[in-house]
Amino acid sequence: MLSKIEFKVNGRNTVFSGNPLTRLIDVLREDLGLTGVKEGCGEGECGACSVIKDGKLVTSCIIPVGAVNGSEIYTIEGIRDTEKGKCLVESFAEGGAVQCGFCIPGMVMAAYALLSENPHPTDEEIRKGISGNICRCTGYDLIVASIRLAADKGGDLWA
Amino acid sequence: MPVTGIDDRIVRTDAAAKARGEAKYACDLSFPDMLYAYMVRSSIPRGTIDSVKVPTLPDGYYFISAEDIPPEGKNELWMIQKDWRCFAEGDVRYVGETIGLLVGPDRNMLKYLLDHLEIKYTEGVPAVTIDDAIACKGGPIVGEDNIHCQLYVEKGKPMSEVFAEADSIFEETIETGFQEHVHLETNAAIVTEEDGHYVFYVSAQCPFYVRKSVAGLLGLNPEDIIVRQTTTGGAFGGKEHFPDVLCGPLLVAEHRIHKPIKLIFDREEDMLYSVKRHPSKVTYKTALDKDGNILGIEGLVYYNCGAYLSSSYVVLQRGVFHANGVYDFPNTYVKGIGVATNTFPSDAFRGFGAPQTLFAIETHLDHIARKFGFDPAEYKSRYFIKQGGETITNGHIVERVMLPEMMKQVVDASDYFRKAKEYGTGSGKGIGISFYNHGGAFTGNGEQAIIKAHARLVKTGGRVRIEVGSTEMGQGFQTALRKIAAATLGISIDQIDYDNPDTSKVCDSGPTAASRSTMIVGRLVQRCGEEMKERWDEGDFSVEKEYEHPEGHPWDQSTFRGDAYLGYGWGCAVVEVEADRLTNEIKVTGIWSSHDIGHAIDELIVHGQINGGIAQSIGYAAMEKMENRNGHFRQSSMSDYVIPTSMEFPEQKWFLVENPYQWGPFGAKGMGELVFNGADAAYIDAVERALGITVRRIPMPPEDIEEALADAQ
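Residue numbers (this note's numbering), protein chains in the order written: chain A, 385 to 543; chain B, 107 to 819.
Some clues are possibly wrong.
[What the hints assert, rightly or not] Covered stretches of chain B, going by a simulated chain A footprint (3 or more residues, C-beta under 8 Å): (1) 337-344; (2) 573-582; (3) 746-755.
The set of hints was computed from the structure by calculation and includes no laboratory data.
From the three backbone atoms N, C-alpha and C, an ideal C-beta is built for every residue, glycine too.
Using the sequences plus the hints, can you model the full thing?
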């Protein structure tokens with residue numbers, strides 16, 4: 385069964401023709417070359433493939449492309465050069481959040497979704513906000529601190 | 107540009123590209139005409155292969171097996187030994203052993219072919235546990251007794267004399283389980299041909315290991331093969347030798363197909379069919395006087411090595427050399443035995459054999475202290491080894507040991523002694539403490555005798571390029587090494603280049619393992635920099651240096667006597683917990699640590715390593731359960747093998763002590779593994795106190811705690 389699915393990725397109209405059960409992550413990485421979206425587990429457990437769909441954080445490895453018809457998707461490539469994205473990238477780098485880096489684009493997306501909804505989160509709220517994103521390197525403390533830094537540095541950006 | 111000082115706070119050089127999603131990992135690379143590969147693996151732990159029936163392959167699809175190895179090649183991967191076969195032939199020895207590769211352009215078709223490939227076996231009886239191996243269940247897998255490797259070390263009087271003098275003997279057996287690395291990036295490699303050379307792009311810690319390991323498959327020399335490390339998304343030892351197991355079959359396939367071929371494990375494959383930390387079983391028999399003073403300890407250490415040796419002998423040696431912890435006991439005898447089983451070969455994992463025995467000795471001492479009514483911290487501190495003290499291998503501790511100062515830091519910060527008194531046994535609240543160390547770099551004279559590392563700096567105009575084989579896998583080495591070079595040369599870190607290594611372009615600096623990179627390769631780069639600085643005005647030139655062994659470290663590798671390590675990192679951790687009496691879930695409410703790593707090259711990187719190492723260590727003790735039933739791992743995904751999330755642990759408090767290491771760059775010594783080596787024991791100590799139970803094995807998830815509580819009643 386082939387379908388035509390229309391959606392927006394990083395602000396650009398995209399048309400997918402093919403099996404609607406194709407995973408969104410495969411369309412993003414392979415058809416659109418958006419390799420900042422990482423596959424860590426393939427079952428929605430680790431968050432490395434996190435993208436923002438219609439304002440909400442989702443894991444693109446368990447979403448069939450058929451489910452995004454009419455949606456607006458943002459990946460790391462779509463936010464990294466925005467003011468918010470730059471603030472997050474800078475804060476993650478300065479704050480020591482990045483080690484092997486494989487979870488980090490997804491982590492940045494989670495932080496983006498969190499701060500967009502809650503510009504002044506407590507540490508507990510930050511930990512909850514990234515609880516769907518697994519990191520094996522950092523033990524999370526410096527990721528939490530970096531998101532706090534982004535909230536402080538960004539100020540009105542997140543309001 | 108401002109000169110970079112070694113203590114300047116800087117931003118990691120790889121952070122922004124990774125955070126922006128621009129860093130290219132192996133899975134992100136593709137080449138024109140690229141094919142994909144799937145591994146065909148043994149589905150049984152032990153038996154003979156009767157037949158392999160490959161479905162009719164469409165054009166452009168291939169099945170690659172041992173039969174494709176040319177006559178000039180040998181079906182072996184050269185790790186430390188050459189026992190691990192590239193492809194199983196005739197028999198299989200563990201579930202997941204490589205039998206072949208299916209290669210072709212379309213992954214859906216490859217999956218279809220994989221599902222329709224039929225292998226018939228005659229099954230044997232597998233040995234899975236250490237006890238199975240000792241009993242030679244199903245007949246020996248190696249030799250006549252299933253022993254892959256063994257050694258012993260002895261200090262002081264014979265233990266028979268010590269036991270004869272003892273008022274009591276305390277004996278117990280402590281076990282640890284498999285641990286899976288769960289590097290967020292799964293194993294991945296691509297093979298291709300460029301300018302008449304076989305070229306690998308691989309997620310790996312040790313590019314030079316790969317070329318050495320696989321070259322013999324085609325009768326080539328290592329230099330004939332080029333290995334380029336791709337940005338590596340975590341490794342923890344899991345990408346030390348294991349990339350060889352991907353690259354070997356890929357090389358044989360490339361020899362036949364001559365197109366780029368990509369092999370990526372999905373998470374399930376990476377969980378079920380990759381190396382793990384060695385399960386262990388350690389028995390201590392301790393001679394005590396009437397007051398509870400230790401007269402001597404006899405240890406018997408078993409490690410489950412799996413079907414092939416890989417690096418297990420070296421892992422076992424490290425386990426034995428750390429079996430007395432951070433203590434100076436008057437008499438010790440420790441024997442280590444690495445047994446063969448029909449499980450996936452165990453291999454390197456952060457700590458490399460030390461965590462198992464360190465957990466065992468710490469827990470054993472806790473139990474003795476409690477039996478005699480002493481506080482474990484106070485009791486253990488009586489035995490802290492000091493500078494000049496004799497080690498378990500009859501060597502001596504060369505450096506100053508700052509354990510008393512470190513203990514004071516964490517004990518004060520955590521209010522340990524007050525809480526230890528206040529929280530009654532079984533009150534639901536507990537605080538625990540542990541002490542640990544990690545010998546830096548290769549064992550004994552290995553750096554001199556085996557590795558002979560090289561490093562090179564190349565000056566072009568005002569820029570300097572670092573040419574070493576050491577890799578960045580997340581630990582921050584590319585930043586740390588740039589910082590060492592810049593601070594030595596008196597230039598800015600922005601003037602230093604250091605790419606992921608390409609074996610055809612850089613020198614072999616030895617493996618990125620054993621916490622040796624900063625200590626050994628960092629020092630080499632510093633020496634290169636010192637000469638380059640003196641000759642700075644000579645124009646463009648390069649400086650290359652070879653490792654020089656510091657004097658005063660005698661070692662005999664045949665008897666394992668002398669200074670087993672060039673220096674040690676030291677640690678102390680306190681963990682506080684609260685138990686939910688209904689669900690037996692344990693909540694960690696506080697983590698404090700202090701480490702002696704000589705001098706920190708970059709405090710922010712060190713901070714991240716400490717946090718991550720400790721989280722991984724508590725995960726090992728508390729939740730990371732990987733079971734093997736009849737040769738099959740039961741946990742195959744991140745939902746059933748659970749590792750710590752951001753909600754698990756509170757923010758850590760951490761300290762460093764300043765204790766510059768004489769032979770390290772700017773006083774630095776190894777730290778990557780040290781920070782894994784002890785929080786597990788502190789956690790279990792806290793759990794034991796909170797619940798009033800005795801724990802003799804990890805991991806201890808809530809269901810196992812329930813069992814222990816039932817046993818205690």
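Which numbered hints fail: none
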